[in-house]
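Chemist: If you want the building blocks of each chain, they are given just below.
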Amino acid sequence: MTTLARVKGYRPQQRHLPILATMALLIGAYIFGASSYEAFGSGQVVLDLFINNAFLLVVAVGMTFVILTGGIDLSVGSVVALSTVISGDLMQKHGWPAYAAIAVVLVVGALLGAGMGALIHFFEIQPFIATLIGMFFARGLCYTITTEAYSIDNATIATLAQTQIPLGGELHISISVVVALLVVAAAAYVLAFTRFGRTVYSIGGNAQSAMLMGLKTGRTKIAVYTISGVCSALGGLLLVLYKSSGDPLNGVGLELTAIAAVVIGGTILTGGSGYVLGTVLGIMVLGIIQTLITFDGTLNSWWTSIITGALLFVFIVLQRLVTRRTR
Amino acid sequence: MTRMTKHRLFWPVVALLVLLVGDLIASPSFFKIELRDGHLYGNLVDILKNGAPLILIAIGMTLVIATRGIDLSVGSVVAISGALACLWVSGHPDGAGTTLIAFGLALGLSLVLGVWNGWLVAALGIQPIIATLILMVAGRGIAQLITDGQIITVNSHSFEWIGSGFLVTLPSAILIALAVFVLASVLVRRSALGLLVEAVGGNPEASRLAGLRSARLTWLVYVFCALCAGIAGLMISANVHSADGNHAGLFIELDAILAVVVGGTQLTGGRFSLGGSVIGALLIQTLTTTVYALGIPPEAIMLFKALVVLAVCLLQSPAFRRKLRRRRTHRPGQPAATPAPEKVEVTA
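Line by line, the protein sequences are chains A and B. The first sequence: position 13 = 13 (the numbering used here), numbered continuously. For the numbering used here, count along the second sequence from 1 and bump the result up by 1000.
Honestly, the hints are just simulated from the structure, not real lab data. Every residue, glycine too, gets a C-beta built ideally from N, C-alpha and C. Treat the hints loosely; a few may be bogus.
Claimed, not checked - Label-pair distances were calculated between CB atoms; the ranges are:
id, chain 1, residue 1, chain 2, residue 2, range
1, A, PHE32, B, LEU1250, 29 to 39 angstroms
2, A, PHE32, B, SER1164, 47 to 57 angstroms
3, B, LEU1105, A, ASP296, 24 to 34 angstroms
4, B, TRP1119, A, LEU299, 37 to 47 angstroms
5, B, ARG1190, A, ARG219, 29 to 39 angstroms
6, A, ALA149, B, ALA1215, 27 to 37 angstroms
Claimed, not checked - Computed from the model, here is a short list of chain A residues facing chain B with C-beta under 8 angstroms:
id, residue
7, TYR189
8, PHE193
9, LEU249
As the list claims (entries may be wrong) - Computed footprint of chain A on chain B, listed as stretches where at least three residues anywhere in the stretch have a Cβ under 8 angstroms from a Cβ of chain A:
id, segment
10, 1108–1114
11, 1133–1147
12, 1258–1271
13, 1295–1307
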């Protein structure tokens, strides 16, 4: 906390440098796209970025909480898959109403997250290992429920998926985008203005000092993993809306995309510094690269991972330079 | 010290034995080993043979973790190494020369990738988990670039030797893994290297001030780890006669990290046990074989793996043991002892 205050007091620009770099990159990529391809400039392309990545955005917001405390959550991809599988199973096989299935999914996500948080707090198992176990556990549950994908044809889900919210002109967004933006707004508020948010930052800054200051570090740690679990479950539900199916193979490697987005968004992996807004920008950067490659048509999809890796490199080195100078 | 080591390996060995005894009870023929055409076959041989790539990677990963690092990129290195070797073999006439060049190229590229990881960690001072995340993400793309997005199949007897061949009745994969294990053990335990690695893991700054070339050592372990992954990549692609840039070695880094942790090496660095990692890798491989041998649906492998690893991790967790002990010594109703001081969270 003290480091934060000092950084904020003396060098505010430094702290915002990664986020400004991400923003510049995003704007640059958009201008490049708009000048290269005629259709790219239409506002709907930007809105589609949100529509296509709404589920990922929600997952990455949860990941931001965890990374801010200096932890990591490797289970998110599996929890996303588990959510789609549970909702598919309950609605398709057992004929449950959509909202009951949604409630079950969110509860399961919260329980898994809380379980991993408890392992980390009570038994001092490292976050990397605890969430790795969670990852195998959730993916294993998926496969034991089903090895095949469910196609979901629930009336409520269909309505939710197909509802378009017009924004004037030809532009529209989906309900998923509204949900994702609400999650972002709530997360930004919690992190910036609540006691809980400040505790999250201070655990990432120095867990021991935070505890000595009398902050409820244990409770907060369990809470951030629970938040991440709920966000992953919600992300899985948004993926159900997007794909109208539940598949145990969903979200393989998603945790890495989420971590990459958080890092590109300027949050430092050792914790204590970063913003949810940065994560939004990080998701947008990854999304716009995908869109550019799709528009180009000559580049193969594997270039996405190479360019993402290169971007990760650039941003990590940038963060390294920034943090080195502030010390 | 010896008692400590014994203690650390106790639970993983117990878990391994319990699994094997369970297998024996469930299917009495589990331990049967037969000699066919001068080659050994059987479930136990299978565990060793199929586990060889994981053992190799776990050995490399152990040294990386001993320096307080972690290498997430080994799965990508597996894919890249296999892809390059298969590309070369498929484009040249079959023969021992072609195979040797393919091995050389693949291991050379693995070496370069290890140097890259080492550069990021040792020279730029980037946290290992993010430094290796770069290659983990980009590596799959590179592997697909090498294979042009296709699955390259090869049909070369000499190439397949490294994965499924035999040398004096034993599968060659086992012998290679054993050779690397012996080499690494001798290097780290018969010279000061292991001690130096532990010193770097214990406190990189202090060991640098004490006159150790900690940056060079760090560099070295990442190169070694990538080389192990490269050899594993050759084995895996030789075993399936093909290179799949997308799926080869998928999640093997996680299995390797689990193996290392189950084997008693702490992610916080400073202490390691190569033998423990081999036992950890065998435990994970035995789980898979057990699931198949017992006729448990393969879908349950991951669930099974998660529960066994959770059990071993809990049993090894000092906090868990402390809580267990306290529960035993305190009768219900009595106030609990003062809570143990919380340790500083150190992320990998």
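Chemist: All hints, please: hold or fail.
Modeler: Structure-based check of all given hints:
1. PHE32(A) with LEU1250(B): 29 to 39 angstroms: holds, 33 angstroms
2. PHE32(A) with SER1164(B): 47 to 57 angstroms: Given about 49 angstroms between the Cβ atoms, the range holds.
3. LEU1105(B) with ASP296(A): 24 to 34 angstroms: holds, 31 angstroms
4. TRP1119(B) with LEU299(A): 37 to 47 angstroms: violated, 27 angstroms
5. ARG1190(B) with ARG219(A): 29 to 39 angstroms: violated, 49 angstroms
6. ALA149(A) with ALA1215(B): 27 to 37 angstroms: For ALA1215(B) against ALA149(A), whose Cβ atoms are near 49 angstroms apart, the range 27 to 37 angstroms is violated.
7. TYR189: violated, 26 angstroms
8. PHE193: violated, 25 angstroms
9. LEU249: violated, 12 angstroms
10. 1108–1114: Check failed, 0 qualifying residues.
11. 1133–1147: As far as the segment 1133–1147 of chain B goes, the hint holds, because 12 residues have Cβ atoms under 8 angstroms from chain A.
12. 1258–1271: holds (count 4)
13. 1295–1307: With 10 residues in contact (Cβ-Cβ under 8 angstroms with chain A), the coverage given for the segment 1295–1307 of chain B holds.
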